[in-house]
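Peer 1: Assemble the whole structure, with the sequences as input and the hints as a guide.
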Amino acid sequence: MANARALDKRRKSIKNIKKITRTMELIATARFKKAMERAIAATDYTQRMGKVVSDLTKAGLDVSHPLLEPRETTQRAVMLVLTSNRGLCGGYNGNVLRLATQRYRELKQICDVSVDAAGKRAISGLKFRDIAVGNGYLHFDDQPKFAEVDPIAQQFLDMYLTKEIDRLDVVYTRFISVSRQEAVVETLLPLGNLVLPTESAAAAATGGDADSTQSIYEFVPSAASILEEVVPTSFKVKLFKCFLDAAVSEQIARMVAMKGATENASDMIRTLSRTYNRARQSQITGEIMEVIGGVEALSS
Amino acid sequence: MAELKLLVVTPEETLLDCQSEAVIVPMIDGQKGFLPGHAPMIGRLGPGVMKVQQGGGDRRFFLEGGFVQMDRNVLSVLTNIAIPIEELAVNQLQDDLKALDKLEPTTASEKLSHQRKVQLTKAMLQAANQTVGS
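Residue numbers (my numbering), protein chains in the order written: chain E, 378 to 677; chain X, 510 to 643.
Bear in mind the hints are in silico, worked out from the structure with no lab data behind them.
Among the hints, a few may not be true.
Below 25 Å or equal to it, Euclidean Cα-Cα: the simulated SDA-like pairs (lysine to any residue) are [stated by the list, open to error]:
| id | chain 1 | residue 1 | chain 2 | residue 2 |
| --- | --- | --- | --- | --- |
| 1 | E | 522 | X | 581 |
| 2 | E | 615 | E | 481 |
| 3 | X | 626 | E | 442 |
| 4 | X | 541 | X | 597 |
| 5 | E | 522 | X | 543 |
| 6 | E | 411 | X | 592 |
| 7 | E | 615 | X | 591 |
| 8 | E | 386 | E | 645 |
| 9 | E | 615 | E | 445 |
| 10 | X | 560 | X | 595 |
| 11 | E | 485 | E | 411 |
| 12 | E | 411 | X | 516 |
| 13 | E | 540 | X | 617 |
| 14 | E | 522 | X | 555 |
| 15 | E | 485 | E | 448 |
| 16 | E | 522 | X | 601 |
| 17 | E | 615 | X | 629 |
| 18 | E | 636 | E | 394 |
| 19 | E | 615 | X | 626 |
| 20 | E | 497 | X | 516 |
| 21 | E | 522 | X | 625 |
| 22 | X | 607 | E | 527 |
| 23 | X | 514 | X | 543 |
| 24 | E | 504 | E | 524 |
| 25 | E | 522 | X | 546 |
| 26 | E | 615 | E | 451 |
| 27 | E | 615 | X | 622 |
| 28 | E | 522 | X | 541 |
| 29 | X | 620 | E | 443 |
| 30 | X | 626 | X | 603 |
| 31 | X | 631 | X | 621 |
| 32 | X | 631 | X | 597 |
| 33 | X | 620 | E | 524 |
| 34 | X | 541 | X | 603 |
| 35 | X | 541 | E | 593 |
Quick look at which bits of chain E chain X covers, simulated, 3 or more residues with Cβ under 8 Å [unchecked claim]:
| id | segment |
| --- | --- |
| 36 | 413-422 |
| 37 | 500-506 |
| 38 | 520-526 |
| 39 | 530-542 |
| 40 | 592-598 |
Cβ atoms here follow ideal geometry from the backbone N, Cα and C, with glycine treated the same way.
Peer 2: Here's what the structure looks like:
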């Protein structure tokens, strides 16, 4: 029979762990709400960008830009992996890293690949998988700022325009809904199309009712000059959105993981309490039997 | 007095959503003023100072560039960076510029980004100095 005191000690330590996981769950919930607010605030910009792009295309402008066209041969590619700095968030980092490793092997067969990583988990995880990490970014927390993402985006743009790289893939966790996030690989350079699918749908929705009173725009200095600015900006915004999505998804993953941990701790406490009570009862029964045994031995 | 609706949007948030009597924005090739009822247009912004007139006084912001769209009396300014002029520190910017001068970029992409940083810092410095002077 298990020692009652040892059981009690274990139960106490699990109670402490439960308190910790419960607190972490609450913190993650609060952070998730903040991150979510930021992500929603950011959609305003992308929607307006989408409007400008759709107005540009409606004006009959031929949309062409070096960033939009795929290169004939891809010689050097960069893969950017977005993970969290901290663990205890379930399969969040694992899923991204698994996908990143897979894509790394695919790219390796066609060209030179260098890997950049944001988040401690990506840096250590890739090192473990024997993938050399070029630039590592550790300063991103649950609220990535555009001013922080901008230099990185600009660096990739410059490298692409000077033909130091021919392709940029980003591996991150896309936020679909509160109950669904998935790890995805997205090719951001060459840009392909200008507008994200969700934005084009939103632009169509807002543009649909406005079509009857379609404004005829004047472009200053010229539509081509505006396009020159639109394309790099939309790349930056796309990259920023990846960071925002990753941050929101991380908090959700941690929330879910910690909720699970708290529930498991509760279950464990319940079974341990039961075993403890049984052990205690059997100890008492044993002691009573001894006393009765002693009394009977004396009386006979 | 007639007013137009002004929206200043950065990738992070909607910084300003207000009514204004007149707005002057820095374009890539000069400045442009908007009064209520301006014809629809889309323009490319350059780095510089945006002036927003409101009830007699005016507010100034430094914009890094971006776009401006005027449509149905709504002026949307899309920019990467918008900083109220009061928050620009001249000393800090001068130090930044000195530090940038010392750097010697080697690769083509580094040269591009260095050039851009110098331009941006110079533009900010100019904007900050203007306010001190006026």
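Peer 1: Can you list which hints this structure breaks, lowest number first?
Peer 2: Of the numbered hints, 1, 5, 11, 20, 24, 25, 28, 34 and 37 do not hold.
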